[in-house]
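S.K.: For reference, the chains in residue letters:
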Amino acid sequence: MTSGRPVVIETRALRKVYGIDRAPIVALQDISFAVEEGSFVSLVGPSGCGKSTLLQIMAGLVPSTSGEVLVDGVAVRQPAPEKISLMFQDATLLPWKRISENIEFPLEIRGMDRDERRHRAAAMLALVGLSEFAERYPHELSGGMRQRVSIARALAPDPRILLMDEPFGALDEQTRIKMGYELLRVWEKTGKTIFFITHSLTEALFLADTVLVMSHRPGRIVGTIDAGLPRPRTYEIIGTPEFGATRNRIWSLISQDDRDLSSEGMAGL
Amino acid sequence: MTFRRWLAILIVLGLWESVRRFNLVGPLLLASPTEIGEAFVKSWFDYVVALRLTATEIAIALAFAWTLGIAVGTIAGLRPFLSATAGPILSSLFAVPLISWYPLFMVWFGIGITSKITYAIVSGFFPIAINTMNGIRAVDHQYLLLGRAIGCSRRQVIVRILLPMAMPSIVSGLRIGTALVVIGVIVAEMLASLGGIGYLISYYRSIYATAHVYLGILCALGCALVVNWGLSYVERRFTHWRVVQIEG
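Those protein sequence lines, which keep their order, are chains P and X. Take the numbering used here: the last position of the first sequence gets the number 269, and nothing is skipped along the way. Take the numbering used here: the last position of the second sequence gets the number 248, and nothing is skipped along the way.
If you're looking for bench data, these hints aren't it; they were derived computationally from the structure. Where hints are given, some of them may not hold.
[What the hints assert, rightly or not] DMTMM-like, lysine to aspartate or glutamate: derived pairs with alpha carbons at most 25 Å apart:
| # | chain 1 | residue 1 | chain 2 | residue 2 |
| --- | --- | --- | --- | --- |
| 1 | P | K97 | X | E235 |
| 2 | P | K83 | P | E182 |
| 3 | P | K97 | X | D140 |
| 4 | P | K83 | P | E132 |
| 5 | P | K189 | P | E166 |
Excised from the complex, chain X in its bound form:
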C-alpha cells in the first residue's frame, strides 16, 4: 500500500516536471518541482520567518475560536430562550461573506498581526458555536434528569454528561471552524499585511515569480495539514466511542 502510494506520488511529480521541461505550459502558469526547489534553496529563510508568523497567528486564533465558540455555544445551548433567539442570528451571521468585513477589521486593528487574528477568530467562531449549541440541545432530556437524580451539580451535568454527549457535533464544528481559521489568516495576509505566508504569495504573484507562489501555496498546505493532524487527534481522543459505534 505504502509502496503504491509513493509510486503514485513519483509519477505525478514526474509528469509535472516533464510538462514544464517540454514547455507544454508557460512559466507564468506553472512552476516545475525543481524550480520550486530552487526557489526554496535561494530564499528558505524568508519562508521560515513567514511560516513562524503565520503559524503564530493561526495558533492564537485557534485557541480563541475554539474556546469562545465552545463556551458561547454551550451557554446558548443550555438556555432554550437563548438558543431560540441566538440560533438564527448566529446562522445568518455565518452566512454573510465575512471577507467583506475585512477592510473594517484593518481600520479597527491595523494591518499587523491583530487584524489577522481577530478576523480569523470571527471566521472560525460561528460554526463552532452553532455546532456546540446544536449538539447540547440534541442531548435527550432523560440524560439531564439522570444527572440531577444521581446528584450532579450543574457544572457536573455540563462537564460530565452534556459536553461529552455533544462531542461528535462539537468536533464537526471544530473541523469547519479550524479550516476557516487557517483560510482566514492566509487570506487576510494576502489582502494587506507586512509578513506571513499569505503576504509572500501575494507579493511574489505581483512580481510574476511563479515558483515562489507555488512554494507559498505548499507552505499554506503544510499549515493546514499540521492543524488537521491535531484535529484528528482530538477527534480520536474524544469521540472514539462514536467511531466504534458506527462500525458496530
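One chain only, chain P, in its complex shape:
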C-alpha cells in the first residue's frame, strides 16, 4: 500500500456486533484499512476471528453495526455485482448447468444477451485453461478445476474487485499450490484488485503484496505487513530466509494476542 495507486476499497472503523439485546458479541472492532487498485491483499487470522463476516460486509451482503466500506469512494450497502465478485471455499457451481452455462449465469442474471454471454464465457474459460470442458457438468471435473471455473465465473462480469473467502481451503496441498500460481497468473493478466482470506500464513504471504493480520475476540487488524517479495513468485521463494522471517512476524502478531497460542508449547511453531 505504498505505491501511490488510487485506493479502490476503504473500510472506516467497521464494527459488527451480534445479538444486541442480550450478551452482545463483538465480532469486528475498529476495522480500518485501504486497498489500492490492482493490488493483491491477503487477510490472515485464526478461524472464528470474523474474517468471513468482514468479507460479507465488504460485499454488501451483511450490514455493519457501525463504520462503512467505500468502493471508489461510494459506500457499499448492498451487493454491487458490477464492481465486486465473490468466491467461496466451495466452488458453488450449479450442478445441473454445464460449465459454460455456469459461467454465463451471473451474466444472464444481469440480462446480457445470449451471444455476448457465450462469447464472454468462452474467453473466461480460455483464461483459466479449461476451454475443452465447456460442455461438461461440474461433477465431471476435479475440485481444483471446479475452483478454476469458479474464478472464471467471478471474472465473467468484469468486476474490478475479487473478494475470495478461503477459496482453496478445501483443496489438497499440491492442488492448492497450483491454484495459487493459477490465481497469480490470472491476476497479472487481468489487473483485478484481489482481497484474499486464508488461514494459511504461507499462502497469504506467497500470494500477496500486503498481508493484513487479524486477531479474534474481538476481530481486529493487529498488523499490516508489506510482503516485500519479488514477482513473479515461484515456489522456491517459500524456502528463502526473507520469506521465513516475514512469516514469523505474521505469526508473532497472531500468537501474542492469543492466550491459546502464546503458551510455551506453541512457541516453536
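The hints should help you fit chain X onto chain P, whose structure is shown.
M.R.: What follows is chain X alone, placed relative to chain P:
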C-alpha cells in the same frame, strides 16, 4: 430381454389360469385371467365410467397436493423460525393415520367427489411439504450468498438456485405424496361413495363377484402405473444431473 420378460408373464398367467381350472383355489378367493376377461367384456362400460371419475379425482388432487406441498414447503424452508416450529408439527401430523379423519371429511364435504379429493390432497400434502422444506434447508448457505452477490432478486434466488438445488429431495417427496394421493382417492371411494374404481371394488366384494374385484384392482393398478410414469418423466426432466452424478 424383452422376450424373456414376455415369457415370464406368459408363464405366470398360465399358472394362474391352471390354478383355477383345476380348482385348486375356490372361486371366492381367486378369479382366473379368463374370468376377469369375461367380467370386463360384460361390463366394460361401468369400468370406463368409474375410471374416468377416479382419474379426475386423482388429477385434481395431485395438482393441489403438488402445488400446495411445494409452496408451503418452500415458504417454511426459507424461514428458520417457521421450519423450526412447522417442521415437527408437519412431521407429527404426517404420522397420524389420516384415514381416521375420513368420517369427518364426509361430514364436511359430503360423499361426492369433493370429500375424496380433499382427503387425497391432505394425504399427499405432508410428505411433499416436508421434503421440500428439508431440501431447501439443506442447500449450502454459500449458494444463498452467491445468488445475492451476483445480483439475484429474492425470487431469482428461490427459482433459479434454491428450488433446483432442492429438486432431488422434492422429487422424492412427490414420489411418496403421489402414491398417497392415489391410495387416498381409492380408499375413500371404497369407504363411502357413489362411483369410481374403489366403489366398484367395494360393491362387487359385497356381492362376492370375485372376478370384478380383481378387475377393479387391475384398474387401480393401471392408475398407479400411469401416475408413476408421469412422475418418472418429471424426475428425468428435473434431476437428470443427479442421476449422472451418482453414476459418475
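S.K.: All hints are to be evaluated individually against the structure, with a verdict given for each.
M.R.: Comparing the hints with the structure gives:
{"no.": "1", "hint": "K97/P / E235/X", "verdict": "holds (16 Å)"}
{"no.": "2", "hint": "K83/P / E182/P", "verdict": "holds (22 Å)"}
{"no.": "3", "hint": "K97/P / D140/X", "verdict": "holds (17 Å)"}
{"no.": "4", "hint": "K83/P / E132/P", "verdict": "violated (29 Å)"}
{"no.": "5", "hint": "K189/P / E166/P", "verdict": "holds (22 Å)"}
Violated hint: 4 only; the structure is consistent with all others.
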